[in-house]
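S.K.: For the protein sequence lines, the chains are F and Z, in the order given.
Mapped onto numbering that gives the first Met the number 0, the consecutive letters of the first sequence carry residue numbers 0 to 552.
Mapped onto numbering that gives the first Met the number 0, the consecutive letters of the second sequence carry residue numbers 0 to 517.
No wet-lab data here; the hints were simulated from the structure.
Beta carbons are placed, not taken as given, at the ideal position from N, Cα and C, and that holds for glycine.
Be a bit skeptical, because a hint or two may be false.
Claimed, not checked - Some but not every residue of chain F turned toward chain Z, in silico, with C-beta under 8 angstroms: (1) V39; (2) D41; (3) E182; (4) G193; (5) V194; (6) G197; (7) Y202; (8) F208; (9) L212; (10) A213.
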Amino acid sequence: MFLNPGNVLSWATFFPLAGAAAIVVLLAVRYVANLPKKLVDDGARLIALLASGLSLVAAVAAWRMYDPTDTGVQLTHHFVWIRSFNIEYFVGTDGLSISMVLLSGLISFVATIASMPWWSGAKAAEMAGMVEHDHGHGDDAHHPKHFSVRMVPGYMVMLLLLQTGMMGTFVALDMFLFYVFWEVMLLPMYFLIGVWGGPRKEYAAIKFFLYTLAGSVLMLLAIIGIYYNSAPAMLADGTLSSGHTFNIIELGRQAAKGQFLNAAPILGIAFTKLAFVALFIGFAIKIPMFPFHTWLPDAHVEAPTPISVILAGVLLKMGIYGILRFNYPILPDATAWAAHAMAVFGVINIVYAAFVCLGQKDLKKLIAYSSVSHMGFSLLGMAAMTPAGISGAVLNLFTHGIISPMLFLIVGVIYDRAHHREIEKFGGLASELPEYTAIMGLAFFASLGLPGLAGFIAEFMVFTGAFPVFTGYTIISATAVIITAAYYLWAIHRMFLGKLNPVYKGYPDLNWRERISLYPLAAIAIVLGFYPQAILGVINRSLHLIIQNIRPL
Amino acid sequence: MDSFLPLVDENLRSALWFRPEMALTFGTLILFVLDVVFRRSAARVALLSAAALAVLAAAAGLLAIQPPDAQSLFNGMLANDAFAIFFKWLFLAAGALTVVIAAQGRDFPPERIGQFFALLMAIVLGMFMMASATDLLMVYLSLELVSMVSYVLAGFRKGDRKAAEGSLKYVIYGGVASGVMLFGMSYLYGLTGTTSLHAVGAQLQGIQAGSAVSVAATRIALVVSIVFVTAGVGYKVAAVPWHMWCPDVYEGAPTPFTAFLSVGPKAAGFALAIRIFNTALAGPASPATGFAVALAGIPWPAVIGVVSAVTMTLGNFTALGQTNLKRLLAYSSIAHAGYTLMGLSTVSDRGVQAVMIYMLVYLVMNVGAFLVVILVAEATGSESILDYRGLSRRHPVAAVAFAIFLFSLTGLPPFAGFAGKWYLFYAVFERIDGPGGGWYAWLALIGALNTAVSLYYYVRVVRAMFIDAPYTADAPAIRARPGYQLLLGGFSLAILVFGIWWTPMIRWTQASLQLFRG
Chain F
0 MFLNPGNVLS
10 WATFFPLAGA
20 AAIVVLLAVR
30 YVANLPKKLV
40 DDGARLIALL
50 ASGLSLVAAV
60 AAWRMYDPTD
70 TGVQLTHHFV
80 WIRSFNIEYF
90 VGTDGLSISM
100 VLLSGLISFV
110 ATIASMPWWS
120 GAKAAEMAGM
130 VEHDHGHGDD
140 AHHPKHFSVR
150 MVPGYMVMLL
160 LLQTGMMGTF
170 VALDMFLFYV
180 FWEVMLLPMY
190 FLIGVWGGPR
200 KEYAAIKFFL
210 YTLAGSVLML
220 LAIIGIYYNS
230 APAMLADGTL
240 SSGHTFNIIE
250 LGRQAAKGQF
260 LNAAPILGIA
270 FTKLAFVALF
280 IGFAIKIPMF
290 PFHTWLPDAH
300 VEAPTPISVI
310 LAGVLLKMGI
320 YGILRFNYPI
330 LPDATAWAAH
340 AMAVFGVINI
350 VYAAFVCLGQ
360 KDLKKLIAYS
370 SVSHMGFSLL
380 GMAAMTPAGI
390 SGAVLNLFTH
400 GIISPMLFLI
410 VGVIYDRAHH
420 REIEKFGGLA
430 SELPEYTAIM
440 GLAFFASLGL
450 PGLAGFIAEF
460 MVFTGAFPVF
470 TGYTIISATA
480 VIITAAYYLW
490 AIHRMFLGKL
500 NPVYKGYPDL
510 NWRERISLYP
520 LAAIAIVLGF
530 YPQAILGVIN
540 RSLHLIIQNI
550 RPL
Chain Z
0 MDSFLPLVDE
10 NLRSALWFRP
20 EMALTFGTLI
30 LFVLDVVFRR
40 SAARVALLSA
50 AALAVLAAAA
60 GLLAIQPPDA
70 QSLFNGMLAN
80 DAFAIFFKWL
90 FLAAGALTVV
100 IAAQGRDFPP
110 ERIGQFFALL
120 MAIVLGMFMM
130 ASATDLLMVY
140 LSLELVSMVS
150 YVLAGFRKGD
160 RKAAEGSLKY
170 VIYGGVASGV
180 MLFGMSYLYG
190 LTGTTSLHAV
200 GAQLQGIQAG
210 SAVSVAATRI
220 ALVVSIVFVT
230 AGVGYKVAAV
240 PWHMWCPDVY
250 EGAPTPFTAF
260 LSVGPKAAGF
270 ALAIRIFNTA
280 LAGPASPATG
290 FAVALAGIPW
300 PAVIGVVSAV
310 TMTLGNFTAL
320 GQTNLKRLLA
330 YSSIAHAGYT
340 LMGLSTVSDR
350 GVQAVMIYML
360 VYLVMNVGAF
370 LVVILVAEAT
380 GSESILDYRG
390 LSRRHPVAAV
400 AFAIFLFSLT
410 GLPPFAGFAG
420 KWYLFYAVFE
430 RIDGPGGGWY
440 AWLALIGALN
450 TAVSLYYYVR
460 VVRAMFIDAP
470 YTADAPAIRA
480 RPGYQLLLGG
490 FSLAILVFGI
500 WWTPMIRWTQ
510 ASLQLFRG
């Protein structure tokens, strides 16, 4: 078969890149052959759908090929890349990454669908500004064109590059390769927010870029330090590396033997602690953890809907993923040292962001802050170092990765029609948009942790896992769930119930594009609510292995 | 007669390895003649640029075929080691690119382009000697040769106030810096009784091994002389506090020459600095650690480290407020000098290699960036960031290429600039463990945070090109010369390829690491 265990992850990573290259070729052809704009736009969209779809197929295939009973890394693709620094192209997956690979493939595809102006229905398309009018081709301030019809090939190239970066980050098992993929995500994200975003797009885009880069340069220093203090390891071609290694699996093994405890202190501080803090700040900015979270609401509010979907669904997961991939196995002692602080920050995230949500007037901002709050659960769960806690933390990544894209798609639906997101200005939408109201209700309830839907299981596991270790914090966090319920229910109340604001009379309900992107996610949210084992069965063993090496102080 | 003959022999022997330099010398003269010969020719620019390229090609050919087995030439005046040869290739590339760009552009009037090419060959000759000078006299002479011609070319635009201002500042700063350097050299000579760099090193080693009294007695004189010599090379690479000339000269000079100035003489300055610091002021690298020790207990690596940190910080923060692209790139080039000085401050082979890789990558990305500046200036007559607004619509190829250059300058993977930064940071990191190496950790941290600062002004340009609407609503598409587009494509491709596949760069620099030490 075309996809085999040796290459499936590479295909999942590089299908989007190939798609981006194909679009660039298409642009070159357009330049030479003078193709009509519409043909090129539609071609770019088709290529993007195809490339992203193939990447999803490869991700699902990888998930099917993955053997959850075997705890080692699987599906590896491994060769030497830059020999003088022992840098390898090394991708592979364990239970932790396979769940993220699946999520990344799925959300990327959903986001690509949501980037199409197709299947919109005439009225919804007209309202969204997707229809090209013959008169007046430029954007004007009052009726900006929809992002899905502006500079389409460029958008699709950036979207596909972003997908390659995301997938690569989740499968890389070489620190250097990981860093390259991590940085590769930055540029497309900057452009996607900056070019296709809302009114304050420039500010939001540069803020995102600067925050993330500031974190990643610290991460780079930590990576160099870890490499420098590592012992030699076997390279892919069987030769012994000269001096050091970037191999994350091997680094974990060396760490278990105490390799990094012997490293010379830097400026009088133990190397492991310094490296932990540098890595952790880099990842914490991405989570985003209080006090580094302020870029997120801005980025979300300005980003076009599909980009918000990716941001919330995949990018936010990378912070926690990185900590579990690097800090936990490579710096276990420093992790035990920092566990309490992580729990505290987790609680701050949960409680503080929930209160901020209560005060939001903008629906998208409310959902952005709810993401900050939900990521706090993962921090709390993983800080506890109990099997239930860490499994709950990663399950929370997955379920939030399903639910929050739904929420952002839902915001996108109403924004496309009304061109604003002020909660107060809506009212009684349920009577005009019943289908939309139903799916919104499902997503809101899933997010606030209603039993029977995906979010509940993850939160429950986090609480049961964290309770024996951080009893007080868990009680505080569990109480915050009430606030979560409050802001969601209040938003429903203000937007959907009551008397219909006559401005919104005659608004079209969900169109097919919105259905194709929302219903699969809704189905997954329901299925995982009853059968979380689909994910837990895959992740549990690997995660328990990660916390085994960490001896609580 | 007897005492004279060996000198003649030595000169005749050395001439065999001096042929590239001779080609450049004769090339300079021939170009002056051709300038007159082709005075009325319609194809003047094409003929003269072909001649200039032929001169460079001749030098390159002679460099390629020269026998490998000579280290020291002209009684120790010059060294012909792999290190020097690496930089000579770099200079030839910089010269050739400048000729190709200048020949197509409008920065030089056709009637004066012959002079420019001739003088450019002279600078390349000076840089060749800077890279291989192993004697204080040659150091000074080669530096002056490059400087003198640079003063002329910086003021090449007659009647232009900015050119006049830049050129004058250049002359004054240059004069002071070279005078100070010469003074420092005289101290070195007084202390050691020799002008040969490696003999100076050996003498200093002797002083170090001597009595505590003699060490203490020479210490102050040594510190003064080292600081003064640092001023000379610091001026050449535009390091703070000797950087003030840089923005004005960059702005006033014809842009192709600015591009050349930012990569050629800067690389030559670093070659010279490495030569002086690593052979005269430090012992050979220890085989076990790869680190060398600064001689006579002078903490010059820490001084360079401080200069490096200040240079990159000041360069980056000043660049934040610039609106003229040439000035912005000038401050960015100051910041990059700061990054590169990190490599010098490590006094290790890895650091030297890092400098070489950085200069190699910097050549491509900075000439590329200036090429876009030329292209836009030709279309709009402006170097203001305002006129870059909407460039992605007016000339997508230039905008995408410029974005690649700028992100590479920031040091983001997968662009080649990241490879250079990686090497520099790794070289610094290696030193943290050593005795008294704690300050290297601060240097690495400052360097890393500077990267984040630099992103802000580079992205300002990217934002203007891709996000902002054109300055005037009906700005037409820009038509760029095919030659420019080809160069931009080639540079972008090189940056992407070498950002992902460093092995050739590493191999080449690794093989060129050998410095002549007497």
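S.K.: Each hint should be assessed against the structure and marked as holding or not.
M.R.: Evaluated hints:
1. V39: The hint is violated - V39/F has no Cβ within 8 angstroms of chain Z, the shortest such distance being about 13 angstroms.
2. D41: Violated, about 20 angstroms.
3. E182: At 5 angstroms from the nearest chain Z Cβ, E182/F passes the 8 angstroms test, so the hint holds.
4. G193: Cβ of G193/F sits 5 angstroms from chain Z, so the hint holds.
5. V194: Where the cut-off is 8 angstroms and the nearest Cβ of chain Z is about 6 angstroms from V194/F, the hint holds.
6. G197: With Cβ-Cβ at 12 angstroms, over 8 angstroms, it is violated.
7. Y202: violated (10 angstroms)
8. F208: holds (6 angstroms)
9. L212: With a minimum Cβ separation of about 5 angstroms from chain Z (threshold 8 angstroms), the hint on L212/F holds.
10. A213: holds (4 angstroms)
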